[in-house]
Amino acid sequence: MRDRLKESMASASGCKREQNLRIGVYVCHCGGNISDVVDVQKVADAASRLDGVVVARHHSAMCSQAGQDLVINDIREENLDRVVIAACTPGLHEHTFRAAVVRAGQNPYLYEHVNIREQVSWCSKSDPQGATRKAIQLVAAGVAKSRLLQPLSPFTREVSRHVTVIGGGVSGLRAARDLSRGGFAVTLLEKSAVLGGHVLQWDRVYPTGKKGTDLIHELIDEVIADQNIVVHMNAELSDVSGCAGDFHLVGRYAPSDGNGQPGSHPFTLHSGAIVLATGFELYEPGKGEFGYGDHPEVITLPQLEHMLAEQGDAGSCLLHNGQSVRSVCLIHCVGSRQIEGIHQPGPDGKIHDYCSRTCCTSTLQAAAALRRRFPDVHVYELYRDIRTYGRDHESYYDAAAERGVIFLRYTPEHLPVVSPAEEAGGYPLRVTVRDTLTFGEEVNLPAGLVVLATGMLPGHPEIVIDRLKLSRSADGFLQEVHPKLRPVELAVRGVFVAGTCQAPMDVSESSASGSAAASKVAALLGKGTIELDPFRAKVDADRCQGEGKCVEACRHQRAVTLVHTGENGGHGMRAEVNVMLCNGCGMCVPACPHQAIQIDGWHLDQFDAIVDALVAEHV
Amino acid sequence: MDTKEIEVDTLIIGGGIAGLQAAIDLADQGFEVLIVEKQPSIGGKMIGLSKVFPTLDCCSCICTPRMAEAEHHPNIRIMTYTEVEDVTRDNGRFVGRVVEKPRYVDQEKCTGCRLCEYACEMELPHEFEGNLGTRKAICVPFSNAVPQVAVLDIDNCLLCGRCEKVCPTGAIDFLQEPRHVRVDAGAIIVATGYEMLPAGFKKEYGGGRLRNVLTALQMERLLAPHGPYGRVLRPSDGKEPDSIAFVQCAGSRDRSAGVPYCSRVCCMYAVKQAMLLSGTLPLADLTIYYMDIRAFGKGFEQFYQNAKAMGVEFVKAKVAQITEDEQNNPVVRIEVMEEDGRVEERTHDMLVLSLGLVPAWNPAEAGLAAPAADGFVCCTEPSLAPCRTPEEGVFVAGAAAGPKDIPDSVVEAGAAAMEVATYLRGRSSSRLSGRESGGKTNDQMVLADVEG
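Heads up: the protein sequence lines correspond to chains Y and S, in order. With the first letter of the first sequence counted as 1, position 291 gets the number 291 in our numbering; the numbers rise by one all the way through. With the first letter of the second sequence counted as 1, position 346 gets the number 346 in our numbering; the numbers rise by one all the way through.
It is worth saying that the hints were derived from the structure and are not from the lab. Every residue gets a Cβ at the ideal spot worked out from N, C-alpha and C, and that includes glycine. Some hints could be false.
[Claimed, not checked] Once the Cα atoms are required to be at most 30 Å apart in a straight line, the calculated DSS-like pairs of lysine-lysine come out as:
{"#": "1", "chain 1": "Y", "residue 1": "K125", "chain 2": "S", "residue 2": "K239"}
{"#": "2", "chain 1": "S", "residue 1": "K165", "chain 2": "S", "residue 2": "K101"}
{"#": "3", "chain 1": "Y", "residue 1": "K125", "chain 2": "S", "residue 2": "K308"}
{"#": "4", "chain 1": "S", "residue 1": "K239", "chain 2": "S", "residue 2": "K308"}
{"#": "5", "chain 1": "Y", "residue 1": "K527", "chain 2": "Y", "residue 2": "K469"}
{"#": "6", "chain 1": "Y", "residue 1": "K191", "chain 2": "Y", "residue 2": "K469"}
{"#": "7", "chain 1": "S", "residue 1": "K308", "chain 2": "Y", "residue 2": "K350"}
{"#": "8", "chain 1": "S", "residue 1": "K318", "chain 2": "S", "residue 2": "K203"}
{"#": "9", "chain 1": "S", "residue 1": "K202", "chain 2": "S", "residue 2": "K318"}
[Said to hold, decoys possible] Here are a few chain S residues that sit away from chain Y, every Cβ distance over 12 Å (derived from the structure):
{"#": "10", "residue": "D90"}
{"#": "11", "residue": "R93"}
{"#": "12", "residue": "T134"}
{"#": "13", "residue": "R162"}
{"#": "14", "residue": "K165"}
{"#": "15", "residue": "D173"}
{"#": "16", "residue": "D184"}
{"#": "17", "residue": "P235"}
With these hints in hand, go ahead and build the complete structure from the sequences.
See the structure below:
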């Protein structure tokens, strides 16, 4: 087996048509995802009639161990030279099948993946016959391309063992500390003059009830004392470039000890990876939203937290602006769970249709604390759903109910209305709510204070998003690679996401997310080198005339350059590719008038073969 | 009794998605890991699910690659059908005594060809299918099980010897004994996940005797591509249901069931199942009886609103009682809270209980720290270090530390892996740094194999 492999590696120069290839084709049912629409038997039958195909099978789940074993056995028993698998998107399983091919002793790049799920069965549900025909064409194209595949080897490159963490809130601090202990040099960039982020503002943090400042200072102290972590305060990024293992970040910072003017100190960082922990922004209610801005007695939950912290344990009556408060209404879901047509879009023109996740428990905690500290104050919670989902969160709901907090449930169609009280009685405001728990009765609540449980908005790491071409989810938060299984990775390799810039989450979840991101960084950079796909531009020296069209077309600085060949009396030029900088985008390929530059693994004659197969009849 | 010894950096108890992810994250950092899984296959609860919320990804499609990755990772070893008997401390490390239960099939010889399964004549309820389908007394646990090795259920075996006769590799071994293994590990991650309350947990809900009242996991199997019926049918008579309802908080947030906490995932899986059902049975009426809809995660609220827009009916009510009529139609008794508070009985063709989640394993049984009052593994620093437990060197990930959905379990698994890495480095930097540089990542292994 190994000998055969070496032979095939040895003969791997140039892209030539090999004779007497033995090709195996596998059609996946994807547990019905494909086979409910596509006639997989027909596809396999059609594939078996293609030139060079010696095995054509279908299987319920090619990605399962049994499916992979099928391929491995065939490579060994049938001496397959090429493997073509028609299944889901290559984004999901190309790596899985390449690894299987390797286990059989074959070069992983002699494998071709055909997508007949996203590109066929899922988008052609209503036309099974057409879908089957299309699947056959695509499989034929895959087989045609596979005949021209060459064995390739990935590149290995050295990486920087320095990591930049952007954001000094709980998740950034946690990531920085974990990375430092994992043996990495870390620079932590914080845009403000203090570390700690939003947690600093909170009086009590669930589920422990610790003061926010006490909690976060444990972590801040560790980070400050850490020799491997450099902290840049008042930091502002001006440019980010590079790729995994080799990012360059440029910006300015100002030490917070008062010695520096804003932005007085420039910095340049060379990092192997970037952890984005840029956090969230608090929703600011619009003027007039539940009376906010119209009545000084309407405040937000963070403002209440601040008030409670300021007041301390002193005094037996709740004071707001020097006035004694006898009744508090807390309104949930302000700036969250908004519904088009009911809620007004914000200044960005968007409605915030997501749940901010943390406000229910925070509000209940505040409500219970109000009742505990000021037993004479009436506390009302106006909610849509109480979402105390986390461990020990339900006990805050229980505690609030036991302490006599009164719950009223509203629907988004009938939002509570805050208006000035009509008659004097010591309550400046009146909150009118249609309570579905009492059969839709309209209830007027006298209120001395109205507290809006405001949600989270996505933060603004714009420069990083822009320069690294990151994407946001529909909700505006950063888009992870896979929301279920790869929640801390971003589509750009080497850039990770921690905490609330990915989605609303609480302190505990942000800590876990920071650590998880650190873990991914450690896995990526731990060896000192990383591997890159071999799909890079390659120059055909015989065809290249040194015109430099490819250099103009190249989008990655210095990836293609012109070098002197010493021919023609020293005036000859030729293009040369730096494979470490090239990312295989292919922009150079059509620019060359002589077809002298091509992408390994995606040669033009392979495309020709694909197109020929797509227009041929295979049924 | 032969006792083998395995030395690893980390022992991970539980091979569900949290355990697998923690193992991969540690192994990718160069640490050697042993996963001990009590079931005959890794994959945990996730591999039995149909599709996942809110992406509606097919669960097999996204879970099997993780299983395969763990299986083939050069730094990961897996022992299935294995339980942890006890864990002791020895000189700053842990010694775990684990026992591999006899499969009565030689793992080395079995190729997973299933000829034994086809030959066996003993049909039994299939636990993986929620007992809705059948399995043989000897079988590969399920189609995408890892490893693909048959297990013989000796308690239900007639000892007829048919399997032994057809096995092409002579793998059947009726005399196999439990295998005891001593695991020497630097750290431990508990990732033992959850179990669902049994359907019969409450006599008011029929005590598990009503045939068309399913557990949520049974409904997952009915909706799965290779489910027991291949479609959604009523277990009592095989009819297609026209009206399906979900009973939320069946056990959760219910002190009488001993589960005062929220089980965190039930709202979303009920919404998801309702959505999937509206796809397979477009004419069926779908109702969800709920207390609060807790759609708190990324994309969850939008998913819930979509379900509402698709016509799933959400009724705020705590179901008081479930009975059935003569046609085995389940009947729920509710107070119609949002209208006039009248008490009403509503009949459906089929009912799904969104049952509460309870811990699957008590670590105290193996000599580890006792769990918290809710029965899940105790976390000492929930805000800043949610994976830490009262015991140094023992960490927790996933639903073992309280009910959790897949993304939250995966994040926590990553965090636990980082905690372990930091802990191990802090203890013996010299021992690890030497091996770390020599350790291989999966990618490097791929290349080494090719070039070698």
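Results for each hint:
no.	hint	result
1	Y:K125 <-> S:K239	holds, 25 Å
2	S:K165 <-> S:K101	holds, 23 Å
3	Y:K125 <-> S:K308	holds, 24 Å
4	S:K239 <-> S:K308	holds, 26 Å
5	Y:K527 <-> Y:K469	holds, 27 Å
6	Y:K191 <-> Y:K469	holds, 21 Å
7	S:K308 <-> Y:K350	holds, 21 Å
8	S:K318 <-> S:K203	holds, 15 Å
9	S:K202 <-> S:K318	holds, 14 Å
10	D90	holds, 25 Å
11	R93	holds, 20 Å
12	T134	holds, 19 Å
13	R162	holds, 23 Å
14	K165	holds, 23 Å
15	D173	holds, 22 Å
16	D184	holds, 24 Å
17	P235	holds, 21 Å
Hint check: no violations occur; every hint is consistent with the structure.
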